[in-house]
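Construct all of the structure, not just a fragment, from the sequences and the given hints.
Read top to bottom, the protein sequences are chains A and B.
Once you know that position 103 of the first sequence is 103 in this note's numbering, the rest is easy, because the numbers rise by one and skip nothing.
Once you know that position 40 of the second sequence is 40 in this note's numbering, the rest is easy, because the numbers rise by one and skip nothing.
It should be emphasised that the hints constitute simulated quantities derived from the structure, not laboratory data.
Among these hints, one or two may not hold up.
[What the hints assert, rightly or not] The calculated DSS-like cross-link candidates involving lysine-lysine, where the alpha carbons are at most 30 Å apart (straight line), are:
1. B:69 with A:170
2. B:80 with A:96
3. B:7 with A:121
4. B:46 with A:170
Quantities reported herein were computed from a predicted structural model and do not represent experimental measurements.
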Amino acid sequence: MAAYREIVENGLWKQNPGVVQLLGLCPTLAVTSSVVNGASLGLATAVVMAASNGSVAPIRRWVPDEIRIPVFILIIAALVTIIDLSMNAYVHSLHKVLGIFIPLIVTNCIVLARVESFAAKNPVVPSIFDGFFMGLGLALVLSLLGAMREVVGKGTLFSGIDLVFGPAAKQFMITVVPDYHGFLLAVLPPGAFIGLGLLIACRNWMESRKPASVRTPPVPAMAQAHC
Amino acid sequence: MKESTFKHALGTSVVMIAFTIVGTVLLVSDFFATRGPIEENERQAKLELLQQVLPADLHDNELLKDTVKIAPGGDLGNRKETLAYRARLGGQPSALVLEATAPDGYSGEIKLLVGLKADGTIAGVRVIEHKETPGLGDYIDITHGNWIKIFDDESLEQTADKDWKVKKDGGKFDYVAGATITPRAVVKAVHKALKFYAAHRDEMFAEQEGEQ
Chain A
1 MAAYREIVEN GLWKQNPGVV QLLGLCPTLA VTSSVVNGAS LGLATAVVMA
51 ASNGSVAPIR RWVPDEIRIP VFILIIAALV TIIDLSMNAY VHSLHKVLGI
101 FIPLIVTNCI VLARVESFAA KNPVVPSIFD GFFMGLGLAL VLSLLGAMRE
151 VVGKGTLFSG IDLVFGPAAK QFMITVVPDY HGFLLAVLPP GAFIGLGLLI
201 ACRNWMESRK PASVRTPPVP AMAQAHC
Chain B
1 MKESTFKHAL GTSVVMIAFT IVGTVLLVSD FFATRGPIEE NERQAKLELL
51 QQVLPADLHD NELLKDTVKI APGGDLGNRK ETLAYRARLG GQPSALVLEA
101 TAPDGYSGEI KLLVGLKADG TIAGVRVIEH KETPGLGDYI DITHGNWIKI
151 FDDESLEQTA DKDWKVKKDG GKFDYVAGAT ITPRAVVKAV HKALKFYAAH
201 RDEMFAEQEG EQ
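Written out as structure tokens, the structure reads:
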């Protein structure tokens with residue numbers, strides 16, 4: 001059980017993909033203009049990561065080292081395409097909202113990074129667990145960043161929630177600042193960089209206040225960290 | 001040593017090919033399994049969009065099958081071939097839905113659907129595709145505001161040519177402060193669609209029924 005606890009802690013805090021590993025920045029910056037967008041893409045990524053980790057783990061012994069990366073990419077791309085097509089066919093209304101984000105998941109390094117560093121070395125069940133919680137960690141960061149940008153940029157929270165849960169959900173939209181004229185910088189891409197910087201600073205500050213003994217050792221910058 | 005390197009390479013490529021084949025088979029079968037439902041969904045989505053600019057009681061024909069192509073470069077000012085959907089009631093022409101494009105949005109083209117009734121008034125306008133600035137110019141989209149409804153029931157008779165402008169330019173149409181280029185482009189495109197309809201209405205309905 002301790003192993004699972006470790007996986008959860010790594011995904012959500014110690015090695016959070018969004019603010020510690022800094023993997024998967026392109027969707028992070030592109031879609032976090034509102035909470036609903038951020039959370040939706042985050043959860044979709046978590047599902048894809050659980051599925052890709054789950055399908056790589058059972059075949060890990062049959063994939064020679066030299067071709068593991070192309071094979072993993074092949075698996076991830078096929079999975080994402082299948083999920084994209086199936087959602088378009090069977091849950092069309094959700095696909096209309098998430099549709100543009102789903103193909104973006106292929107380009108997200110965090111998926112490949114977890115397949116490579118975890119699923120290629122561990123059994124199936126812990127791998128699925130790891131994929132899901134890493135994805136959930138990313139989803140939390142995306143939602144938080146989305147919330148920051150939405151409040152500062154548009155003065156609302158949960159706008160567009162009716163697109164996910166139907167028109168009845170429109171009442172859940174919160175107008176934080178009434179009669180707000182908007183702050184464009186937060187909505188446009190620079191707002192994402194600034195917001196992410198603040199989140200990373202905030203996490204580092206919280207870590208630095210802990211006694212040195214329980215502090216998470218800094219994670220070395222990963223080789224894949226440029227997409 | 002040489003042979004074992006060769007064997008190793010061979011084994012590796014066999015594994016790679018095997019994965020490629022499995023992946024391809026999965027994708028092809030999934031594509032064919034989902035094609036039907038996806039096409040049906042897209043048809044439904046298009047129909048819903050058309051119904052937003054065309055009251056349901058104005059037509060009893062199948063809109064998606066009763067279309068005319070409008071060649072580029074004509075009075076509508078479209079750069080690519082575009083479609084018009086013909087609405088009929090009891091066989092009589094009752095309205096036309098035009099796919100119009102405003103080429104001069106703030107960030108590229110704005111695609112519109114303009115529903116035009118037989119008497120020359122607008123039944124409704126909707127933006128179906130745009131790249132305007134989020135939170136600034138995107139209020140032309142019905143999911144971000146009701147601005148686009150100011151065109152409901154407008155016509156060439158009701159509003160003179162010189163008034164088909166936003167208020168800032170001396171016209172009659174409201175806009176949201178800070179984003180003038182976007183509504184200016186939309187007003188211009190809707191005006192153009194109205195003028196096109198006035199000039200070509202009869203030939204639109206006279207043309208052979210075109211299956212899409």
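Hint check results:
1. B:69 with A:170: Cα-Cα ~38 Å, so violated.
2. B:80 with A:96: Roughly 26 Å separates the two Cα atoms, so the pair holds.
3. B:7 with A:121: holds, 25 Å
4. B:46 with A:170: With a Cα-Cα distance of about 23 Å, the restraint between residue 46 (chain B) and residue 170 (chain A) holds, given a limit of 30 Å.
Of the numbered hints stated above, the single one contradicted by the structure is hint 1.
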